[in-house]
Amino acid sequence: MRIALVTNALEQPARGNHTTVQRWLHHARGTPGLTVDAVPSEVDQVFDPVPDLFHGYHAMHGGTAARELARKWGRPYVVSLGGTDLYALMRGGQEGDEVADVLLHAACVTGAFDSFGTNLRARFRDRLRYVTVPRGCSVPPEPAARPPNGIVQVLLAAGLQPDKDPLLAIELAEELDRRGVPVHLRILGPELDAAYAYRVRARAERLDFVTMGEVPFEGMPAEYERADVVWNTSFHEGGANTLLEAIACGCTVIVRDVPGNRDFALEEGSPVRVLARDDPDGFEAFHRSLLRETFDERRQRIECGHAWLRRFHDPHEEVRLLVALWQREGK
63 MRIALVTNAL
73 EQPARGNHTT
83 VQRWLHHARG
93 TPGLTVDAVP
103 SEVDQVFDPV
113 PDLFHGYHAM
123 HGGTAARELA
133 RKWGRPYVVS
143 LGGTDLYALM
153 RGGQEGDEVA
163 DVLLHAACVT
173 GAFDSFGTNL
183 RARFRDRLRY
193 VTVPRGCSVP
203 PEPAARPPNG
213 IVQVLLAAGL
223 QPDKDPLLAI
233 ELAEELDRRG
243 VPVHLRILGP
253 ELDAAYAYRV
263 RARAERLDFV
273 TMGEVPFEGM
283 PAEYERADVV
293 WNTSFHEGGA
303 NTLLEAIACG
313 CTVIVRDVPG
323 NRDFALEEGS
333 PVRVLARDDP
343 DGFEAFHRSL
353 LRETFDERRQ
363 RIECGHAWLR
373 RFHDPHEEVR
383 LLVALWQREG
393 K
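Residues in the sequence shown are numbered from 63 upward in steps of one, following my numbering.
Please keep in mind that the hints were generated in silico from the structure rather than gathered at the bench. Incorrect hints may appear among the rest.
[To be verified] Restraint-style ranges between C-beta atoms, simulated for each label pair: (1) 157 with 281: 29 to 37 Å; (2) 378 with 341: 31 to 39 Å; (3) 111 with 204: 43 to 51 Å; (4) 284 with 107: 33 to 41 Å; (5) 278 with 194: 30 to 38 Å; (6) 180 with 104: 29 to 37 Å; (7) 329 with 382: 13 to 21 Å; (8) 237 with 212: 25 to 33 Å; (9) 281 with 351: 27 to 35 Å; (10) 237 with 63: 49 to 57 Å.
[As the list claims (entries may be wrong)] Below, computed lysine to any residue pairings styled on SDA-like, alpha-carbon distance capped at 20 Å: (11) 134 with 100; (12) 134 with 101; (13) 134 with 110; (14) 134 with 170; (15) 134 with 391; (16) 134 with 167; (17) 134 with 94; (18) 134 with 114; (19) 134 with 166; (20) 134 with 342; (21) 134 with 95; (22) 134 with 108; (23) 134 with 153; (24) 134 with 104; (25) 134 with 112; (26) 134 with 160; (27) 134 with 123; (28) 134 with 122; (29) 134 with 64; (30) 134 with 183; (31) 134 with 63.
Backbone N, C-alpha and C define an ideal beta-carbon position, used for all residues, glycine too.
Take the sequences, apply the hints, and build the full model.
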């Protein structure tokens with residue numbers, strides 16, 4: 063069986079979509095009788111042999127091309143849903159209509175969270191089939207737990223664009239500073255919207271406890287290990303790979319209350335905490351608690367995070383579910 067994974071993330075190693083695609087390729091390519099190739103989201107491609115199934119990664123970013131390729135070559139296609147797709151459906155308009163059309167014509171829709179399926183069923187009832195494929199993350203050897211250094215080291219790994227809302231992260235860091243919590247916020251990510259990036263940089267430059275930069279993909283584990291806590295402030299792109307990677311590297315995580323993030327937080331034993339905007343005292347108390355962590359407490363927290371990853375986010379189980387889906391829909 064031959065699978066074509068259609069994506070626009072082949073040349074974006076710092077982006078979460080690229081991380082997921084590469085993880086799928088790495089784990090799936092060892093499956094006997096299965097060939098999986100990632101192909102760009104362009105509809106004028108020639109295939110020889112023709113894939114048995116096209117798989118669009120995200121309705122907007124890969125699903126539209128997967129639909130057209132499937133029509134052109136007479137094959138079925140499936141789509142993996144992202145938070146941006148759900149947001150487009152919620153907003154409606156031309157983009158929402160396009161996402162709906164891609165999903166409704168797919169043989170099956172997958173997503174990393176049960177709540178995505180609940181959302182789709184409420185919207186489309188029985189007009190499409192949804193399968194949950196939880197996001198996976200490999201657990202590295204136990205990272206060396208370092209004691210706090212007197213400053214809460216915060217990391218925001220996000221591209222500079224409005225959807226990621228790094229300005230909220232700066233506001234939260236300012237609030238901690240006003241309350242006397244020693245804090246350093248490091249924002250790492252590429253410039254994806256020039257005008258917005260200028261606003262973020264201008265704001266950050268006025269604050270000595272906020273720094274910005276960009277590191278290659280392979281350098282991110284070291285950045286996570288330097289951090290105490292990773293924040294996710296995105297308006298709608300919840301459940302990101304960066305959160306799982308951060309926990310694997312020993313960080314704790316605080317996230318915006320959006321789908322995906324909320325799903326992570328609700329899993330039993332989850333180290334993910336949802337940001338309560340109406341509880342600034344609790345937000346302060348949590349970050350002060352990180353300053354008081356002993357070496358043993360931090361090591362125990364890391365061990366609990368790894369146990370959660372192994373239970374709910376095993377990448378081998380992720381790909382096992384994907385392969386079962388491909389084999390069923392590609393017949």
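Hint-by-hint comparison with the structure:
Separated by about 34 Å at the C-beta atoms, residue 157 and residue 281 satisfy the suggested range of 29 to 37 Å. A C-beta distance of roughly 38 Å is found between residue 378 and residue 341, which places it inside the suggested range of 31 to 39 Å. For residue 111 and residue 204, the Cβ-Cβ distance of about 45 Å falls inside the hinted range of 43 to 51 Å, so the restraint holds. At about 38 Å, the CB distance of residue 284 to residue 107 agrees with the hint of 33 to 41 Å.
Between residue 278 and residue 194 the beta carbon distance is about 32 Å. The supplied range of 30 to 38 Å therefore holds. Separated by about 33 Å at the C-beta atoms, residue 180 and residue 104 satisfy the suggested range of 29 to 37 Å. For the pair residue 329 and residue 382, the beta carbons lie near 19 Å from each other, so the given range of 13 to 21 Å is met. Separation of residue 237 from residue 212 is about 19 Å and departs from the stated range, judged on CB atoms against 25 to 33 Å.
Distance hint check for residue 281 and residue 351: the Cβ-Cβ separation is about 28 Å, which falls inside the suggested range of 27 to 35 Å. Between residue 237 and residue 63, the C-beta spacing of about 53 Å keeps the proposed range 49 to 57 Å intact. Taking the CA atoms of residue 134 and residue 100, the gap is about 18 Å. The hint holds against a cut of 20 Å. Of the pairs offered as hints, the one joining residue 134 and residue 101 holds, with about 15 Å between alpha carbons and a cut-off of 20 Å not exceeded.
Between residue 134 and residue 110, the direct Cα distance comes to roughly 13 Å. Compliance with the 20 Å bound is thereby established for this hinted pair. Between the alpha carbons of residue 134 and residue 170 the distance comes to roughly 19 Å, so the proposed pair stays at or under 20 Å and holds. Proposed proximity of residue 134 and residue 391 is supported: the alpha carbons are some 18 Å apart, at most 20 Å. Simply put, residue 134 and residue 167 have alpha-carbon atoms about 14 Å apart, close enough for the 20 Å limit, and the pair holds.
For a cut-off of 20 Å, the pair hint linking residue 134 to residue 94 is broken: about 28 Å separates their Cα positions. Proposed proximity of residue 134 and residue 114 is supported: the alpha carbons are some 13 Å apart, at most 20 Å. With a C-alpha separation of about 18 Å, the suggested pair residue 134 and residue 166 falls inside the 20 Å cut-off, and the hint holds. In summary, the hint linking residue 134 to residue 342 is not supported, as the alpha carbons are separated by about 54 Å, beyond the 20 Å threshold.
Among the hinted pairs, residue 134 with residue 95 is inconsistent with the structure: their alpha-carbon atoms are about 25 Å apart, more than 20 Å. Distance check on the hinted pair: residue 134 and residue 108 sit about 10 Å apart at the alpha-carbon level, within 20 Å; holds. About 30 Å separates the Cα atoms of residue 134 and residue 153, which puts this hinted pair outside 20 Å; it is violated. Our distance criterion of 20 Å between C-alpha atoms is met by residue 134 and residue 104, whose separation comes to about 12 Å.
This hinted pair checks out: residue 134 and residue 112 have alpha carbons roughly 11 Å apart, not beyond 20 Å. Our distance criterion of 20 Å between C-alpha atoms is met by residue 134 and residue 160, whose separation comes to about 18 Å. With a C-alpha separation of about 18 Å, the suggested pair residue 134 and residue 123 falls inside the 20 Å cut-off, and the hint holds. Between residue 134 and residue 122 the alpha-carbon distance is near 19 Å, which keeps this suggested pair within the 20 Å criterion.
Distance hint between residue 134 and residue 64 is fulfilled; the C-alpha atoms sit about 16 Å from each other, no more than 20 Å. A C-alpha spacing of about 29 Å is found between residue 134 and residue 183, which places the hinted pair above 20 Å, so the restraint is violated. Under the criterion of a C-alpha separation no larger than 20 Å, the hint pairing residue 134 with residue 63 is consistent with the structure, at around 19 Å.
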